[in-house]
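Enquirer: The chain contents come next:
Protein chains: 2
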Amino acid sequence: MSDSGAIPGELLAIRQRIDDIDRGIVELLRERFALTHEVGLLKASRELNALDARREEEKLNALAALSEANELDPNLVRDLFRRIMDEVVRNHERLRADSRETEL
Amino acid sequence: MSDSGAIPGELLAIRQRIDDIDRGIVELLRERFALTHEVGLLKASRELNALDARREEEKLNALAALSEANELDPNLVRDLFRRIMDEVVRNHERLRADSRETEL
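Quick mapping for you: the protein sequence lines, in order, are chains A and B. Going letter by letter, the first sequence gives residues -2 to 101 in the working numbering. Going letter by letter, the second sequence gives residues -2 to 101 in the working numbering.
Keep in mind that the hints were calculated from the coordinates and are not lab data. Some hints here could point you the wrong way.
Copies of the same chain are indistinguishable here, so a pair counts whether it falls within one copy or spans any two.
Claimed, not checked - Quick list of in silico lysine to any residue cross-link-like pairs, SDA-like style, CA-CA up to 20 Å:
(1) K56 to I15
(2) K56 to R27
(3) K56 to Q13
(4) K56 to E7
(5) K56 to R20
(6) K56 to E68
(7) K56 to L25
(8) K56 to R97
Start from the sequences, fold in the hints, and give me the full structure.
Expert: Right, here's the structure in full:
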């Protein structure tokens, strides 16, 4: 544990910039889940599969390539987006189940 | 598997917006790791701990609260940032080990 009196001002300034970035990431995630919700509604209404395995694989590969270009560990980025996409698939399955119930 | 000829134009348009968001997330991650690299150098030069447990816990709580305000699952956001911060701690430990070797 460190106590804030002991933290150099330079470190505090960088931490504020990191906090801004994190708020930006959360904001992008919010927009992303709003868009995948639209995708889920579209897919449910047309009985398309919740999971498009090829799209997911292509996205993960494209993100891994983009990560390397950005000097980021591609495994880290794959892990993050796999976790995000798993959540999207679960949401879509729920939407599809809801839409079937409505039709009964 | 779906074949792109079968994918409605509406879905393709949303996917392009999702791809833009994902590029934005990768860009923010790149900036974030550049900043945490600076933090790591600062900490290594002053022999501060690689892991600041309180800062990590405070950040995860703040992000969980921010997620709820943004209608995102706080567990998802916690998982993502825990994965990011684990990577940061590993990078910092590496920087500290490098800096000790240099001093020997």
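Enquirer: Could you run down the list of hints and mark each one as holding or not?
Expert: How the hints compare with the structure:
Taking identical chains as interchangeable, the C-alpha atoms of K56 and I15 lie at most 20 Å apart only when they sit on different chains, with a minimum of 10 Å there against 26 Å within one chain. For the homomeric pair K56 and R27, the shortest alpha-carbon distances inside one copy (19 Å) and between copies (18 Å) are both at most 20 Å. For a Cα distance limit of 20 Å, the shortest separation of K56 from Q13 across copies, 11 Å, qualifies, whereas the shortest one inside one copy, 31 Å, does not. Proximity of K56 to E7 under the C-alpha cut-off of 20 Å is restricted to the inter-copy arrangement: shortest distance 18 Å between copies versus 38 Å within a copy.
Within a single copy, K56 and R20 get their C-alpha atoms only as close as 24 Å, which misses the 20 Å cut-off; across copies the closest is 11 Å, which meets it. Taking CA atoms no more than 20 Å apart as the test, K56 paired with E68 passes inside one copy only; the shortest distance there is 18 Å, against 24 Å between copies. For the homomeric pair K56 and L25, the shortest alpha-carbon distances inside one copy (17 Å) and between copies (18 Å) are both at most 20 Å. For the identical chains of this complex, K56 and R97 are neighbours neither inside a copy (29 Å) nor across copies (40 Å), given an alpha-carbon limit of 20 Å.
The structure does not agree with numbered hint 8 stated previously, though it agrees with all others.
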